[in-house]
Amino acid sequence: MSNYQTNKPRDDNNRTSDHRNHEEFEETPTWAAVVTVLGYAILSALGWLRDFLRHIGLEEKRTAHDPNPKDFVPLYQSYECFYTRNLYTRIRDVFNQPIASVAGAKVHVMERVSDDYNWTFKFSGKKIPSINLGSYNYLGFAENQGPCSEQAIKSIETYAVTTCSTRHELGHQRYMKELESLMAEYLNVEDCMAFGMGFATNALNIPTLAGKGDLILSDKLNHVSLILGARLSGATIRTFNHNDMKDLEAHLRKAIISGQPRTCRPWKKILIIVEGVYSMEGSLCKLPEIIELKKKYKAYLYVDEAHSIGAIGSRGRGVVDYWKVDPNDIEIHMGTFTKSFGSAGGYIAGKKNIIDYIRVSSHSACYSSSMSAPIVHQIISALSIIMGRDGTNDGQKRIQQLACNVRYFRRQLVDMGFIVYGNDNSPVVPVMIFMPAKIAAVNREMLKRGCAVVTVGFPATLLTESRVRFCISAGHTKEMLNHALKAMDEVGHLVSLRYSKKNPHRRWIELDHADYDKEYTS
Amino acid sequence: MTLNDHPTFLRHKLSYTYKNCHWKTMLSYIRRFFKFIHWLYLQYLLNTALYMLEPWERLLFSTLLFAILSTALYSALVFLPHHVRSMIQFYS
Numbered sequence: 001m002s003n004y005q006t007n008k009p010r011d012d013n014n015r016t017s018d019h020r021n022h023e024e025f026e027e028t029p030t031w032a033a034v035v036t037v038l039g040y041a042i043l044s045a046l047g048w049l050r051d052f053l054r055h056i057g058l059e060e061k062r063t064a065h066d067p068n069p070k071d072f073v074p075l076y077q078s079y080e081c082f083y084t085r086n087l088y089t090r091i092r093d094v095f096n097q098p099i100a101s102v103a104g105a106k107v108h109v110m111e112r113v114s115d116d117y118n119w120t121f122k123f124s125g126k127k128i129p130s131i132n133l134g135s136y137n138y139l140g141f142a143e144n145q146g147p148c149s150e151q152a153i154k155s156i157e158t159y160a161v162t163t164c165s166t167r168h169e170l171g172h173q174r175y176m177k178e179l180e181s182l183m184a185e186y187l188n189v190e191d192c193m194a195f196g197m198g199f200a201t202n203a204l205n206i207p208t209l210a211g212k213g214d215l216i217l218s219d220k221l222n223h224v225s226l227i228l229g230a231r232l233s234g235a236t237i238r239t240f241n242h243n244d245m246k247d248l249e250a251h252l253r254k255a256i257i258s259g260q261p262r263t264c265r266p267w268k269k270i271l272i273i274v275e276g277v278y279s280m281e282g283s284l285c286k287l288p289e290i291i292e293l294k295k296k297y298k299a300y301l302y303v304d305e306a307h308s309i310g311a312i313g314s315r316g317r318g319v320v321d322y323w324k325v326d327p328n329d330i331e332i333h334m335g336t337f338t339k340s341f342g343s344a345g346g347y348i349a350g351k352k353n354i355i356d357y358i359r360v361s362s363h364s365a366c367y368s369s370s371m372s373a374p375i376v377h378q379i380i381s382a383l384s385i386i387m388g389r390d391g392t393n394d395g396q397k398r399i400q401q402l403a404c405n406v407r408y409f410r411r412q413l414v415d416m417g418f419i420v421y422g423n424d425n426s427p428v429v430p431v432m433i434f435m436p437a438k439i440a441a442v443n444r445e446m447l448k449r450g451c452a453v454v455t456v457g458f459p460a461t462l463l464t465e466s467r468v469r470f471c472i473s474a475g476h477t478k479e480m481l482n483h484a485l486k487a488m489d490e491v492g493h494l495v496s497l498r499y500s501k502k503n504p505h506r507r508w509i510e511l512d513h514a515d516y517d518k519e520y521t522s
Numbered sequence: 001m002t003l004n005d006h007p008t009f010l011r012h013k014l015s016y017t018y019k020n021c022h023w024k025t026m027l028s029y030i031r032r033f034f035k036f037i038h039w040l041y042l043q044y045l046l047n048t049a050l051y052m053l054e055p056w057e058r059l060l061f062s063t064l065l066f067a068i069l070s071t072a073l074y075s076a077l078v079f080l081p082h083h084v085r086s087m088i089q090f091y092s
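Chains A and B, in that order, are what the protein sequence lines are.
Counting in full-length UniProt numbering, the first sequence runs from 1 upward without gaps.
Counting in full-length UniProt numbering, the second sequence runs from 1 upward without gaps.
In short, the hints are calculated from the structure, not lab data.
Some hints could be false.
To be verified - Below, a list of computed lysine-lysine pairs in the DSBU-like style, where the Cα atoms sit at most 30 Å apart:
#1 A:Lys501 to B:Lys35
#2 B:Lys35 to A:Lys126
#3 A:Lys486 to B:Lys35
#4 A:Lys154 to A:Lys177
It should be emphasised that the depicted structure is a prediction, and the values quoted were computed from it without experimental measurement.
Could you put the whole structure together from the sequences, leaning on the hints where they help?
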């Protein structure tokens, strides 16, 4: 099981750098944790004061409030509402920012002003042009010009926008067959089926695969769509620690030895659900070890490659390509078209008999409408570019550009002294912020300097682990990345975000740029 | 007559720029100092989460903090010498 430990250099690349499989989650410094908790304590105390003022009537109530009649169960969960009223609303202007252009490598963010501390907003009319570091536009296909969008627009003339029907009824169009066969060839599996919504692909198809009497072992940090699908299925769910193979093995052994909870009968099947790239951590799953475990204990594997398809791997085929494992070892490959292909929707791929069963019994195929023509043609043209079918090597260039950008950006951030989570090759770059007030400060200051970033706090992350998550794209040029790094350097100094104990804190000017430039062009 | 022909003009020009340079660096030091104070104030606001609060809440919290700290400081200044002296007497 120790063939694919981290830090071991791979021999399938000319790069001999030992960053190849390096994954790092530096521990939170104690003082940062203490200050964060103190900050939340002060906010909670003042939140109670404000709630009390609202209760006695000195301040007006601006949210929908629960009338709380006698003998009725309360409508709202108390802490979530308290959090929304008193913490989230205060910095609400940095979340859900509306944009006014195509969300490519550059985006126009609409400026909002608020007179009453973010309870209501007014648009000032100004559009702030900024570098887009928040869209999952990994291969740069989110553009409104070029071959993909031309094909998408032309397809409307042939097929119109919608089929007004579900897959089982009249929604099985010719382009769906084309998409599915192309996707199956791309992933090197037998068959594939595509759905209109990535979230729904997980939430509505896991119930067809697992049911009562099955066991689902899912990673602690799995996406909400996987958790929802697992809960809807009715199977027993057990979570194992994130990327912890010993914990997974312990769960497998316990499950096989003890069987189902009350009756002690053997489980009908055991399904392990993992993700390719975890979007909040930037870590990759340890696929070879999971496959070894699954073969040893005869479980089934479901890999959700939402963020990794197209973005990871030397040919862009996802974590399967990155770890060079046999695609037939994984029962269900799942992914979305939203991220790297610049479209919308999801797919499930695998052996033909599994996909045939899903075609017949999926909730999504039976009740949700089929995919729209321009969306499918966008995916088909993006796929042909990535696979090199259109005659150019634009696809391979994009994949390499993304890999270069990711290495360049990550290395400089780490060398400047920020705490950056995740694998060195993942295009998702989370930089830790920890304190709640800094979430707003970082977002506003970065926007002032022309970079639109996504800052996340509770409930998407743990309460004390808020972060700013950069999503690098193949559409970003080196100048854009330099601008973003300079902005981050300034903001890091202003807001004091350099927490790392392992790396020395350095300003951008102090870094040795010739070294990075050399690595970038190689 | 060119600029270089007139020696006093050049000297005056030099002396003007020299004094100007002094004045400018003094001003820049003062500016940097104020920027540093502003940075310190920003760190105080960010670390105590006062950055996201309304001005009256900031005033309330800062007043409370100042009151507690000043009370502690005053008590230390008034009582500590006497306590330390009596402790030394007790243990000696």
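Comparing the hints with the structure gives:
Only pairs whose Cα atoms come within 30 Å are accepted, and A:Lys501 paired with B:Lys35 is accepted, the gap being roughly 27 Å. Distance restraint check for B:Lys35 and A:Lys126: the Cα-Cα separation of roughly 29 Å lies within the 30 Å cut-off, and the hinted pair is therefore satisfied. Distance hint between A:Lys486 and B:Lys35 is fulfilled; the C-alpha atoms sit about 19 Å from each other, no more than 30 Å. A threshold of 30 Å between alpha carbons decides the hint, and for A:Lys154 with A:Lys177 the separation of about 18 Å falls inside it, so the pair holds.
Checked against the numbered hints listed earlier, the structure breaks none of them; every hint is satisfied.
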